[in-house]
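Those protein sequence lines, which keep their order, are chains A and B. All residue numbers for the first sequence refer to this note's numbering, where the first residue is 1 and numbers rise by one. All residue numbers for the second sequence refer to this note's numbering, where the first residue is 1 and numbers rise by one.
None of these hints come from the bench; they were simulated from the model. Honestly, I wouldn't trust all of these hints.
[Claimed, not checked] Here are the simulated EDC-like pairs of lysine to aspartate or glutamate, each with C-alpha atoms no more than 16 Å apart in a straight line:
1. 79/A - 21/A
2. 197/B - 209/A
3. 107/A - 123/A
4. 191/A - 216/A
5. 122/A - 179/B
6. 30/A - 123/A
[To be verified] A few chain B residues facing chain A, derived, Cβ under 8 Å:
7. 154
8. 155
9. 156
10. 172
11. 177
12. 180
13. 184
14. 188
15. 193
16. 198
17. 199
18. 200
19. 201
20. 202
21. 310
22. 311
Note that the structure is predicted; figures quoted are calculated from it, not measured. No residue lacks a Cβ here, since even glycine has one placed at the ideal position from N, Cα and C.
So the chains spell out like this:
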Amino acid sequence: MEPILRTENLTIKFGGQTAVDNVNFEVPEKHFKSIIGPNGAGKTTFFNLISGELKATSGDVFFRGESLSGKSSVARTRKGIGRSFQITNVFPNLTVIENVRLAVQSKEKIRYQFFRHFASYKDLHIQAERLLEIVLLTSKANAFATQLSHGEKRKLEIAMLLALDTEVLLLDEPTAGMSLEEVPAILDVIKQIKQTGERTILLIEHKMDMIMDLSDSIMVLFNGRLLADGTPKEIMDNETVQHAYLGGLYDEHLA
Amino acid sequence: MKSTFQVSKIILFAIVVALAIFPFVSDSRTWTILLTQIFIFSILAMSYDILLGYTGIVSFGHAMFFGMGAYATAIMLDRFEPTIGIFVLSIAVGMCIAGIISFLVGLLTLRLKSHFFAMLTMAVSGLFLVLAEKWRTLTFGNDGFTFKAPEIFKDRMMYYLLVLGCLVLVYLLLRRFVDSPLGRVLIAVRENEQRTKSLGFQTLHYKVIASVVAGVIASLAGSLYAVSLRFVNTSVLTMDITLDALLMTIIGGVGTLIGPIIGAGVIELAQHYLSGLAKEHPIFERWIIFFGIVYILAVIFFPKGIVGTVKHLFWKRKNPIKIAISSKRKGIAK
């Protein structure tokens, strides 16, 4: 079966620095794949190449067998690749519900309607409210996004991503910078999405227990190269990986 | 929430009614003319607010669309019969030209980063100014020309009512426009363009739409302006017009639509009274200096503009707890 997402010799260079180096990977439909690697390994850059925020120097990304080269981030989102950002990236001076409603509006293809009042599209509001319930932000619906705590902003990011209802979800460190108490809520949301079995999820994370718990497979990036790709068990047993990355970090995490 | 909304609607309605009755109870010609002028610049400033306040685009070339309307109407009324029909037709022609030009200019320049875009709009607008100055057979250049307005507008009161009607209509249309799903995306573009793209909105389309709407409305203001003076020269295309629109929008409050109307009132009145004070003391012959000072103070103390500041005060009164929390958080961040 054709994988839903595939890259072929994907490479990007910034000046002399190769941030992503000849990465070939594929992910089958409805699969949960995590991407790990030390800081600076090129994980977020890899996401940026898939979502179209950055243009590849060479190589290509394929979605359902179709080349995405030359396609803008707008086109890729519309095709079905949605992403959340590592650095929270919301609309600060709009309310929480408005943030989500904009994403729902995009999914519903209500893009250029200019005469009816937006409040008359009740369905958008209802959908947005339901998404806020899922990420446990209902009580903040009418607060401005700028007033949210860091953890709440991350939840809002996820609500906006879910609102787009895309087949592929790219989650870039959804728990980064969160306090320990806030992590379980996000974890639950991701588990729920996984359990519905409808999405293909790519997750960048540093929390190893979370990755082991959720992933069908794991790929390891190191200095922009694909170091290993396999089931969680294979990765844990892989000596190169242990040497290059897991060793220090995993021990530290357990401690 | 709803009640405040209703109250503000009633207040607005009352103000419009009062303004409509005004010329019937007052026979001050000066005030009728001054208010007409304020209404016209309100329309221009609202159109600028669509760019600056709602979409976050800074344009230094907005005067070109105002000038297109002014010249379209002036030339057509001069060359053909000065009838209502020609007047309406000339407004439509001006709007079409402004629509096409703003579409083309927007498509070519809105891909650029904001400050480059601002510079380019200034250049394009300068181009139209030079064109109007050199094409003397059509425009009579800097000297300009007078023309006859339709007979019915000889009565200043009729014209006042027409312009007031246009103002109300434009306000209602733009209000609906910014409150539509499309308008919400314009605000999203202003807030975070890159994020709007990643939600799947083609932001360039939205910026071009905003620039066309703003251009067309500015052209209407230009047409009304030309007929109010029954004279047109190249001053309608100068940077001063753009700066006036910019000041009115900023002083009144960006992204509010009502703000630019209030801004237009404040600035037109300030210009009127400050220049009038010259009789009292010769220093007021340099009234523009005072005007500059007032403007600087306004921007320092009311960066959100008059309407923005009032709105913020209301919001503060309603949400004292939220304010306390957010200021506490800021304290921690420091």
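Evaluated hints:
Pair hint residue 79/A plus residue 21/A does not hold up; C-alpha atoms about 26 Å apart against a cutoff of 16 Å. This hinted pair does not check out: residue 197/B and residue 209/A have alpha carbons roughly 34 Å apart, beyond 16 Å. Only pairs whose Cα atoms come within 16 Å are accepted, and residue 107/A paired with residue 123/A is accepted, the gap being roughly 12 Å. Between residue 191/A and residue 216/A, the direct Cα distance comes to roughly 13 Å. Compliance with the 16 Å bound is thereby established for this hinted pair.
With a CA separation close to 14 Å, the supplied pair residue 122/A and residue 179/B stays within the 16 Å bound. Proximity of residue 30/A to residue 123/A is assessed by CA-CA distance (about 27 Å); at most 16 Å being required, the pair is judged violated. Taking 8 Å as the C-beta cut-off, the interface hint given for residue 154/B is violated, the closest approach to chain A being about 37 Å. Of the supplied interface hints, the one on residue 155/B is violated, with its beta-carbon coming no nearer than about 35 Å to a beta-carbon of chain A, more than 8 Å.
Among the interface hints, the one on residue 156/B is violated; its C-beta lies about 35 Å from the nearest C-beta in chain A, farther than the 8 Å criterion. For residue 172/B, the suggested interface contact is broken, since its CB lies about 12 Å from the closest CB of chain A, more than 8 Å. Interface restraint check: residue 177/B against chain A, minimum CB-CB distance 6 Å, threshold 8 Å, status holds. At a threshold of 8 Å, the smallest CB-CB gap from residue 180/B to chain A is about 5 Å, leaving the interface hint in force.
The interface hint given for residue 184/B is met, as the beta carbon of that residue sits about 5 Å from the closest beta carbon of chain A, less than 8 Å. Contact between residue 188/B and chain A, as hinted, is supported at the beta carbon level, the nearest pair being about 5 Å apart and thus within 8 Å. At a threshold of 8 Å, the smallest CB-CB gap from residue 193/B to chain A is about 11 Å, leaving the interface hint violated. Interface hint status for residue 198/B: upheld, as the beta-carbon distance to the closest one in chain A is roughly 5 Å, under 8 Å.
Below 8 Å, beta-carbon pairs count as interface contacts, and residue 199/B has one with chain A at about 5 Å; its hint therefore holds. For residue 200/B, the interface hint holds, the least distance from its beta-carbon to any beta-carbon of chain A being 4 Å, beneath 8 Å. With a cut of 8 Å, the hint placing residue 201/B at the interface with chain A holds, because the nearest CB-to-CB distance is about 6 Å. This hint holds: residue 202/B has a C-beta 5 Å from the nearest C-beta of chain A, less than the 8 Å allowed.
Interface restraint check: residue 310/B against chain A, minimum CB-CB distance 17 Å, threshold 8 Å, status violated. With 8 Å as the threshold, the beta carbon of residue 311/B stays out of range of chain A, its nearest partner Cβ sitting at about 13 Å, so the hint is violated.
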